[in-house]
Amino acid sequence: MSDQRIQYDEGMVGANHPTKSDTLNRLMLVEHNNDGTHDISTATLGHLCGLEASRKDSDEFYLEPGEVDIGGASYTATAQLTKQVSGLSADTWYYIYATAPSGDLTAGDISYSSTAPSFSGSKVGWYNGEDRCVGVFKSDGSSNILPFYCTGGWFFYGTLEDGVFLDTSSPASSKTAVAVGAPNLGRLAVLIHYYCSPAASREIAFDNGDSSADLSSNKYYRFEDIGGASEVALLTDASQQVNYRAQNNPSVTLCLRGFKLPAGMTA
Amino acid sequence: MKHAYDPNSGAFNGICISPSPAQVAAWEAQGLTVVDGPPLDRELYNYLGGALSTKVEVTLSPDQTNIEADGVDEALVTVSVAGEAPPASIELLVAGTAETVTLTNGEGHLTPISAETPCTVEVTLSDTITYRGEPVEIEAKDNG
Chain H
1 MSDQRIQYDE GMVGANHPTK SDTLNRLMLV EHNNDGTHDI STATLGHLCG
51 LEASRKDSDE FYLEPGEVDI GGASYTATAQ LTKQVSGLSA DTWYYIYATA
101 PSGDLTAGDI SYSSTAPSFS GSKVGWYNGE DRCVGVFKSD GSSNILPFYC
151 TGGWFFYGTL EDGVFLDTSS PASSKTAVAV GAPNLGRLAV LIHYYCSPAA
201 SREIAFDNGD SSADLSSNKY YRFEDIGGAS EVALLTDASQ QVNYRAQNNP
251 SVTLCLRGFK LPAGMTA
Chain X
268 MKHAYDPNSG AFNGICISPS PAQVAAWEAQ GLTVVDGPPL DRELYNYLGG
318 ALSTKVEVTL SPDQTNIEAD GVDEALVTVS VAGEAPPASI ELLVAGTAET
368 VTLTNGEGHL TPISAETPCT VEVTLSDTIT YRGEPVEIEA KDNG
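These protein sequences, in sequence, are chains H and X.
So the first sequence is residues 1 to 267, counted in the working numbering.
So the second sequence is residues 268 to 411, counted in the working numbering.
Simulated from the structure, these hints should not be mistaken for laboratory data.
It is possible that some hints are incorrect.
As a list, the in silico DSSO-like pairs of lysine-lysine whose alpha-carbon atoms are at most 30 Å apart [to be verified]: (1) H/K56 with H/K20; (2) H/K20 with H/K175; (3) X/K269 with H/K260; (4) H/K123 with H/K260; (5) H/K175 with X/K269; (6) H/K56 with H/K260.
Some chain X residues flagged as far from chain H (calculated, every beta-carbon gap over 10 Å) [what the hints assert, rightly or not]: (7) P274; (8) N280; (9) I284; (10) P286; (11) S287; (12) L299; (13) D308; (14) S328; (15) D330; (16) T332; (17) A362; (18) E366; (19) H376; (20) R399; (21) E404.
Glycine is no exception: its CB is placed at the ideal position from the N, C-alpha and C atoms.
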């Protein structure tokens, strides 16, 4: 932004002059309202606090109280919101959107769609048109909302089995990409729960989605002589894939335990 | 969602929510057939005859799970095979040894299990592709 101070060769003009621009107040009005208070919408562009989603029951979800900037203005939900859903498709990710209201946010200002948002650099948030995305949920095979909750900026399935994305007694023995079943929100930090059938000399290795390694080195997330379950944190590629390989044919079950909501969708 | 199965044995070997071409290739390199399928627990299904089918449920019911290790005390395990057309017999593994049980209307009994020394005898299904069921253990103890 250019220098807003009155320059030596400018006239001092106050507010509401019929033909000349206000130079006296110009500097103060940067990120301030006419009454001198801070311009909250400008200062908090992209702001999101609270509004964490969780499942209430098969066809309702909650949004916790919170505040969100939508298109440059700030809106508040002063109490927990309950949103009823209907007409869901099966096994589908849905994105929760907030539309700018005239007053406080209510359930009527909340919608959901299977259309993924895209990140807006100018609005500093995830948007579909003018509606800001504040969360996600997934439907099950019967088009009911799967158990889930969001906390600390993370989405977690309520039931581990709902996140299974690979279950096989014939795993790949060389580095292989596999989609973790997360929503279409670009690269994500994910928490993977894995189970391998026990036997000596069996191993499983993981690495991030963009890794160029073949996973044969001990530098990577490699678990040898394994049997049982554990968890590993990884970063997916832009298509929500990670890499794995298994040796000596363990039965392998990989579950998406949860993922970090991306920047612009969490406080 | 993709399913991977062994076309020779009918075993349901894998399920993946959105397999990469590399994952499909890895399965196919192992001789598996890859097809589209719904989300489900593959432990409950097979691909016998190339078609997705539920496994037949088998229930093993011992009259007692603790016996005296004296060669006399016995546990009698009843075998129940579900379905409208159960087979005439089914093979089980008793401490790793195969035993064929004759079935009448889906029901039969293993040879009574006894032991002369303390041990644990596990009874499991031999064919886990066609059938599913929980194993049982008979524990033989020397209670003096």
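Structure-based check of each hint:
1. About 58 Å separates the Cα atoms of H/K56 and H/K20, which puts this hinted pair outside 30 Å; it is violated.
2. In summary, the hint linking H/K20 to H/K175 is not supported, as the alpha carbons are separated by about 69 Å, beyond the 30 Å threshold.
3. Straight-line distance between C-alpha atoms of X/K269 and H/K260 comes to about 26 Å, which keeps the hinted pair within the 30 Å bound.
4. Restraint check: the Cα-Cα separation between H/K123 and H/K260 comes to about 21 Å, which is no more than 30 Å; the hinted pair holds.
5. Distance restraint check for H/K175 and X/K269: the Cα-Cα separation of roughly 19 Å lies within the 30 Å cut-off, and the hinted pair is therefore satisfied.
6. For the proposed pair H/K56 and H/K260, the alpha carbon gap of about 21 Å is at most 30 Å, so the pair holds.
7. Consistency note on X/P274: stated as away from chain H, and its beta-carbon is indeed over 10 Å from all of that chain's, at 13 Å minimum.
8. Once the 10 Å rule is applied to beta carbons, X/N280 is inconsistent with being away from chain H; the minimum gap is 5 Å.
9. Not every CB of chain H is more than 10 Å from the CB of X/I284 (nearest about 4 Å), against its label as outside the interface.
10. Some Cβ of chain H comes within 10 Å of the Cβ of X/P286; the nearest lies about 7 Å off, and the non-interface call is violated.
11. Look at X/S287: its CB is around 4 Å from the nearest CB on chain H, not clear of 10 Å, so calling it non-interface is violated.
12. Annotated as non-interface, X/L299 brings its C-beta within 10 Å of a C-beta of chain H; the closest such distance is 6 Å.
13. With a cut of 10 Å on Cβ distances, X/D308 falls inside the contact zone with chain H, its closest approach being about 8 Å.
14. Every Cβ of chain H is farther than 10 Å from the Cβ of X/S328; the closest lies at roughly 27 Å, confirming the non-interface assignment.
15. Every beta carbon of chain H lies more than 10 Å from that of X/D330, the smallest distance being close to 32 Å; the non-interface claim holds.
16. No beta-carbon of chain H is positioned within 10 Å of the beta-carbon of X/T332; the least distance is around 24 Å.
17. No Cβ of chain H approaches the Cβ of X/A362 within 10 Å, the least distance being about 20 Å, so the stated non-interface status holds.
18. In this structure X/E366 is separated from chain H by more than 10 Å, as the shortest Cβ-Cβ distance comes to about 25 Å.
19. Residue placement check: X/H376 keeps its beta carbon more than 10 Å from all beta carbons of chain H (closest about 31 Å).
20. Every CB of chain H is more than 10 Å from the CB of X/R399 (nearest about 15 Å), matching its label as outside the interface.
21. At roughly 18 Å from the closest C-beta of chain H, the C-beta of X/E404 stays outside 10 Å, upholding its exclusion from the interface.
This entry does not satisfy hints 1, 2, 8, 9, 10, 11, 12, 13, going by the numbered hints stated previously.
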